Amino acid sequence: MTMLALKNVSKSFGALTVTDDASFEVPEGQALGIIGPNGAGKSTLFNLITGNLRSDKGSIHFQGRDVTKVSAMERCLTGIGRSFQIPQPFEKLTVYENLLVAATHGRNLSERDVRDDCADVLERTELIKRANTPAGQLSLLERKRLELSRAMATQPKLLLLDEIAGGLTEGECQALIQTIKDIHAQGVTIIWIEHVLHALT
Amino acid sequence: MIWIDTIIQGILLGGLYALFASGLSLVFGIMRLVNLAHGDLIVMGAYLILVLVTLLGLSPFLAVFVAVPLMFALGWFLQKFLLNRTLGEDILPPLLVTFGLSIALQNALLEGFSADSQRLPTNALTTASVDAGPITLGVMPLLTFASAVLVIVGLNQLFYRTELGRAFRATSDDATTASLMGIKPANIFATATGIALVIVTIAALYLGLRANFDPNIGPARLIYAFEAVIIGGLGSLWGTLLGGIIIGVAQTVGAAINPEWQILAGHIAFLVVLLVRPRGLFPRAND
Ligand SMILES: Nc1ncnc2c1ncn2[C@@H]1O[C@H](COP(=O)(O)OP(=O)(O)O)[C@@H](O)[C@H]1O
Ligand SMILES: [Mg+2]
Numbered sequence: 001m002t003m004l005a006l007k008n009v010s011k012s013f014g015a016l017t018v019t020d021d022a023s024f025e026v027p028e029g030q031a032l033g034i035i036g037p038n039g040a041g042k043s044t045l046f047n048l049i050t051g052n053l054r055s056d057k058g059s060i061h062f063q064g065r066d067v068t069k070v071s072a073m074e075r076c077l078t079g080i081g082r083s084f085q086i087p088q089p090f091e092k093l094t095v096y097e098n099l100l101v102a103a104t105h106g107r108n109l110s111e112r113d114v115r116d117d118c119a120d121v122l123e124r125t126e127l128i129k130r131a132n133t134p135a136g137q138l139s140l141l142e143r144k145r146l147e148l149s150r151a152m153a154t155q156p157k158l159l160l161l162d163e164i165a166g167g168l169t170e171g172e173c174q175a176l177i178q179t180i181k182d183i184h185a186q187g188v189t190i191i192w193i194e195h196v197l198h199a200l201t
Numbered sequence: 001m002i003w004i005d006t007i008i009q010g011i012l013l014g015g016l017y018a019l020f021a022s023g024l025s026l027v028f029g030i031m032r033l034v035n036l037a038h039g040d041l042i043v044m045g046a047y048l049i050l051v052l053v054t055l056l057g058l059s060p061f062l063a064v065f066v067a068v069p070l071m072f073a074l075g076w077f078l079q080k081f082l083l084n085r086t087l088g089e090d091i092l093p094p095l096l097v098t099f100g101l102s103i104a105l106q107n108a109l110l111e112g113f114s115a116d117s118q119r120l121p122t123n124a125l126t127t128a129s130v131d132a133g134p135i136t137l138g139v140m141p142l143l144t145f146a147s148a149v150l151v152i153v154g155l156n157q158l159f160y161r162t163e164l165g166r167a168f169r170a171t172s173d174d175a176t177t178a179s180l181m182g183i184k185p186a187n188i189f190a191t192a193t194g195i196a197l198v199i200v201t202i203a204a205l206y207l208g209l210r211a212n213f214d215p216n217i218g219p220a221r222l223i224y225a226f227e228a229v230i231i232g233g234l235g236s237l238w239g240t241l242l243g244g245i246i247i248g249v250a251q252t253v254g255a256a257i258n259p260e261w262q263i264l265a266g267h268i269a270f271l272v273v274l275l276v277r278p279r280g281l282f283p284r285a286n287d
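Residue numbers (our numbering), protein chains in the order written: chain A, 1 to 201; chain B, 1 to 287.
I should point out that these hints are in silico values taken from the structure, not numbers from a laboratory.
Honestly, I wouldn't trust all of these hints.
Computed cross-link-like contacts, BS3-like style, restricted to lysine-lysine with a CA-CA straight-line distance of at most 27 Å [said to hold, decoys possible]:
1) A:Lys-129 x A:Lys-181
2) A:Lys-92 x A:Lys-129
3) A:Lys-157 x A:Lys-7
4) B:Lys-80 x B:Lys-184
5) A:Lys-157 x A:Lys-69
6) B:Lys-80 x A:Lys-69
7) A:Lys-157 x B:Lys-184
8) B:Lys-80 x A:Lys-92
9) B:Lys-184 x A:Lys-92
10) A:Lys-57 x A:Lys-69
11) B:Lys-184 x A:Lys-69
12) A:Lys-69 x A:Lys-7
13) A:Lys-181 x A:Lys-157
14) A:Lys-57 x A:Lys-157
15) A:Lys-7 x A:Lys-57
One-sided and incomplete, this derived list gives chain B residues near chain A with beta-carbon spacing under 10 Å [what the hints assert, rightly or not]:
16) Lys-80
17) Ala-167
18) Arg-169
19) Thr-171
20) Met-181
21) Lys-184
These numbers were taken from a predicted model, which means no experiment stands behind them.
Think of the CB as a built atom: it goes at the ideal place given N, C-alpha and C, for glycine as much as any other residue.
Modelling step: build the complete structure from the supplied sequences, incorporating the hints.
See below:
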């Protein structure tokens, strides 16, 4: 089955055309890597897929459904999760609370129904020891892991990773990649963008 | 002994100021909105209770239960359809709009109820007092203080123990990211102002039971509330209670020295704290 299909998607900011007639398909279960220099329009592409930005032209289908005009929130509910290039945790909330917010609102469930799932996610992303730490006190790697965890807490079918390895050392990068491979092995379709190659190989 | 009595009266008075201030603190903490009509909303709450007492023949304590949902709804709609539109980068629009609201409320109350001062009907309980060793404590001041503590405990529970509280904190942290997570900041803000007006109603009960009120006393209550919030440190509810206590004690001590110094002493205490700790006693770690 096709997880995501873009047809002739274009987006301009004023005179600057950032996404020009993009068409591609991502089959279910795939892990797709996209590489491009800074300013190439990678984050913009993700914003179009998640609905944070509206495309000027073209259509976006998610699991066969036309979501071109669907709001970002509803796209999240249907299973599109993302991490942000610049981690944006709620600094004063604990790591666990950050996940609870994403899970309760991103899946439209009550806290009781998501508690265990959130703990599982933290276990998998190796943040469980930091569960009760305010997010503002995390290291960069931990913040990246929290970005990943928060996206996972919404139980996405499609996970978009925006330069999640950026700024990490080689060793930190390898550890994170292993975590992402595990997530992919569980059947989550992944699109991952970076502006350096080594993370994706 | 007279001094201990004076100080205890001041502490209990601080409970009233903390009640005035908690709603202000809540709204500021969540949406950085300074509501200049806060004092007038308290006065309006007192008139609402008075109307319910007169119309339905209820005791003020029962009338509050009718007034609370009405005031919550008022706060919700006020925020959703008026104040939310003023929020943004610029801090001036909310100040102008709430200042206008303050004037409009005062005039509406003046029109509806005249400038005559009113009081909520008291009964044996509200005028009673208890002997605690050498000093005598009024039941009313004790109830006021206990209510303030309960309100603050309740708000802290709400903030740190519930889903709604987590959404409050997440939105206060970063409204944009919160909305990406499916939180609707406009509704969160509306709920927060609704809750603030519930506290306003409780404050109004004690305002109206303890002393006379008229349509023009709102701005002075706003100032006491502000001073309590700022002394405590913006965003800290227990700090707000302490701020209220400091103003209360300063006022009763000032009044004991010279009755004319009561109000002035409160303001001086505020200025002294501001000089020594410009960010209040319990400032938030960041921002
Ligand atoms: N909201 C926006 N308004 C105007 N220009 C934007 C906006 N978002 C991105 N751009 C511009 O679009 C181009 C691509 O940005 P982006 O998608 O963030 O690139 P990348 O993620 O590949 O580094 C850049 O030149 C950037 O300045
Ligand atoms: Mg980018």
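Status of the hints after comparison with the structure:
As the CA atoms of Lys-129 (chain A) and Lys-181 (chain A) are separated by approximately 21 Å, the hinted pair is consistent with the 27 Å bound. Restraint check for Lys-92 (chain A) and Lys-129 (chain A): satisfied, since their Cα atoms lie roughly 17 Å apart, inside the 27 Å limit. Proximity of Lys-157 (chain A) to Lys-7 (chain A) is assessed by CA-CA distance (about 20 Å); at most 27 Å being required, the pair is judged to hold. Simply put, Lys-80 (chain B) and Lys-184 (chain B) have alpha-carbon atoms about 11 Å apart, close enough for the 27 Å limit, and the pair holds.
Taking the CA atoms of Lys-157 (chain A) and Lys-69 (chain A), the gap is near 19 Å; set against the 27 Å cutoff, the hint holds. Of the pairs offered as hints, the one joining Lys-80 (chain B) and Lys-69 (chain A) holds, with about 26 Å between alpha carbons and a cut-off of 27 Å not exceeded. For a cut-off of 27 Å, the pair hint linking Lys-157 (chain A) to Lys-184 (chain B) stands: about 24 Å separates their Cα positions. Proximity of Lys-80 (chain B) to Lys-92 (chain A) is assessed by CA-CA distance (about 25 Å); at most 27 Å being required, the pair is judged to hold.
Annotation: proposed proximity of Lys-184 (chain B) to Lys-92 (chain A) holds, straight-line Cα distance about 19 Å (limit 27 Å). Restraint check for Lys-57 (chain A) and Lys-69 (chain A): satisfied, since their Cα atoms lie roughly 11 Å apart, inside the 27 Å limit. Between Lys-184 (chain B) and Lys-69 (chain A) the alpha-carbon distance is near 19 Å, which keeps this suggested pair within the 27 Å criterion. Our distance criterion of 27 Å between C-alpha atoms is met by Lys-69 (chain A) and Lys-7 (chain A), whose separation comes to about 14 Å.
For the hint pairing Lys-181 (chain A) with Lys-157 (chain A), the CA-to-CA distance comes to about 15 Å; that is within 27 Å, so the pair holds. Of the supplied pair hints, the one linking Lys-57 (chain A) and Lys-157 (chain A) holds, its CA atoms being roughly 25 Å apart against a limit of 27 Å. Between Lys-7 (chain A) and Lys-57 (chain A) the alpha-carbon distance is near 9 Å, which keeps this suggested pair within the 27 Å criterion. With 10 Å as the threshold, the beta carbon of Lys-80 (chain B) stays out of range of chain A, its nearest partner Cβ sitting at about 18 Å, so the hint is violated.
A distance limit of 10 Å between C-beta atoms decides the matter here; for Ala-167 (chain B) the minimum to chain A is near 7 Å, and the interface restraint holds. With a least beta-carbon distance of about 6 Å to chain A, the hint placing Arg-169 (chain B) at the interface is held under the 10 Å criterion. For the restraint placing Thr-171 (chain B) at the interface with chain A, the shortest Cβ-Cβ distance is roughly 9 Å, inside the 10 Å limit, so the hint holds. Below 10 Å, beta-carbon pairs count as interface contacts, and Met-181 (chain B) has one with chain A at about 5 Å; its hint therefore holds.
The interface hint given for Lys-184 (chain B) is met, as the beta carbon of that residue sits about 9 Å from the closest beta carbon of chain A, less than 10 Å.
Against the hints set out earlier in the document, a violation occurs for number 16 only.
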